[in-house]
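Engineer: For reference, the chains in residue letters:
2 protein chains.
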Amino acid sequence: MPLAEFDLIARYFSDCGHPRGDVALGIGDDCALLRVPGGKQLVVGVDTLVEAIHFPPDTAPGDLGYKSLAVNLSDLAAMGAQPAWATLALTLPAVDPDWVRGFAGGFCELAAASGVRLVGGDTTRGPRAVSVQVLGLVDPGGGLRRSGAAPGDRIYVTGTLGDAGLALKALHESRWSHHLGPELRRRLDRPTPRVAEGIALGRLASAAIDISDGLAADLGHLLSASGVGAVIDLERVPLGPQMRRYLAETGDYALPLTAGDDYELCFSVPSPRVPQVEVLGTQFSCGFTLIGEAEALPGLRLRRHDGSLLILDRAGYQHFVDS
Amino acid sequence: MPLAEFDLIARYFSDCGHPRGDVALGIGDDCALLRVPGGKQLVVGVDTLVEAIHFPPDTAPGDLGYKSLAVNLSDLAAMGAQPAWATLALTLPAVDPDWVRGFAGGFCELAAASGVRLVGGDTTRGPRAVSVQVLGLVDPGGGLRRSGAAPGDRIYVTGTLGDAGLALKALHESRWSHHLGPELRRRLDRPTPRVAEGIALGRLASAAIDISDGLAADLGHLLSASGVGAVIDLERVPLGPQMRRYLAETGDYALPLTAGDDYELCFSVPSPRVPQVEVLGTQFSCGFTLIGEAEALPGLRLRRHDGSLLILDRAGYQHFVDS
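Those protein sequence lines, which keep their order, are chains S and P.
Take the first sequence: its letters are residues -5 to 317, numbered as in the working numbering.
Take the second sequence: its letters are residues -5 to 317, numbered as in the working numbering.
Take every hint as true, because none was put in to throw you off.
No copy is singled out in the list; a pair is fine if it fits within one copy or between any two copies.
No farther apart than 20 Å at their CA atoms in a straight line, the calculated lysine to aspartate or glutamate pairs in the EDC-like style are these:
#, residue 1, residue 2
1, K34, D16
2, K34, D133
3, K163, D57
4, K163, E45
Think of the hints as simulated: they come from the structure by calculation, not from any bench.
From just these sequences and the hints, can you work out the full model?
Structural biologist: Pasting the structure below:
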């Protein structure tokens, strides 16, 4: 086995991300040594992307590198944590220096922009897959959880929903390809983790989750963890211009509600803090949109202005019933 | 995609390992929240095992679970670190509850025995692979590195070398199968990470590495990182009873020197500390064996008592030359 070639790969990552004074020992030894600032809690997340499951084989390596870190930073964002360090387990079928250079370019670009230092890695031979572990910091007692929502809390989301799903649809189904511009494509390939938004919400939101599997599923997780339900006003769900056009053509609400890969945040806010959150939202270009309210009655109800409820069945089809 | 089934998998790991009071939030949210004790440095490592590359498809799931954590704890041991937490990224081609239960059994058994709590996980669909990240603690200024060896330092190893390699050979080549007893098999399937030994050596050794790719390769890494060379007395390399018999039959020194998967420690000791290290070695059942000495002249020289040098070529063949 040409292990030396795999060592060579490691060199593309030897100076990856933002230099940090708290890294006592970085890549190249058995482990990394890190100084955790006193009075902070450590936040740890891990996410894996597997070829043909999470990304098509022809994904540009730079996009994959970017996205593999972005989805992990999104997990930190949902905790209200400040990103600090990451490790990377990269499995590749063969050594392709151009591919690795491209991957490292995307990964390290986002790491540098996010204040993250890559401190450890493992490159192995096998079917292509990327597993990233992120380490972040949060004040003790801080740290947004999924479980803090209470009846009466308002439900918000950042940004717009369904863009990544629409981009994927437009890539795979030629009759929708007219929707696919570079901006929509970027929403799929290089999602923006809402890190600063999550940190700012740390003391204001009662619960948060990032939307990786679609609003309906992920808000469902938040509600279950909190032991509450919610009603969502369908017409309030924030949509980008292409998604609005697509919806006008199709009436397919299911897409923005069930498509994954958006990596926006969904969070709940106790009503006394709503004015603060509304002001805060104006400071971020993605914006915060109020979409509904938590209730004691379990379950997620997706309501139109005419009072009818949208029902999503397991196959992703929709129908409406009177409430 | 039956994501619910993958959620089910996560339940096998929901109470995995040693309960720890410093876990503020464990498995089940976007990330884990951990309290790092004041005055400690964080030690982070990551290692991936891929099916057909690092383990055969018919590996018992419990053995794979055990070994996937063991190889990571071995990295912590080589840093002199106390294990604390782990995350697990598990990629599986399909949901097989029996397989997952077996894997979790082996993984969580070693976690509990090592004081480690599993705090995060990600199960995905794809070709079978296991990526584990371990987090440990060490006193500031502690932490064994690869780079601290100086000329004159004595070179030691723990345990015996080549057992896992001999077990693998006996499994694959029927003419060696008479060597394969349960003890040798366990050396391959359930290696013992030398955690307590590494911690005890933290203040005594000048450099350390764990032997995952064979003594020659891994000691070579330690020497390169330290900017020194070494001479090893071949007859001093500690061998188990089966390996001694195999060597008597074959004269194949290359096996114990190049076979991977032993997960013993190789470390250097400044000569003034040799007496302390010798006493310490008697406290561990694996023992410490003095095998050679670091020198200013770069490179690794493997010397027999008759003065001849063993040369290992890239294909793993050996020959001897006069020194």
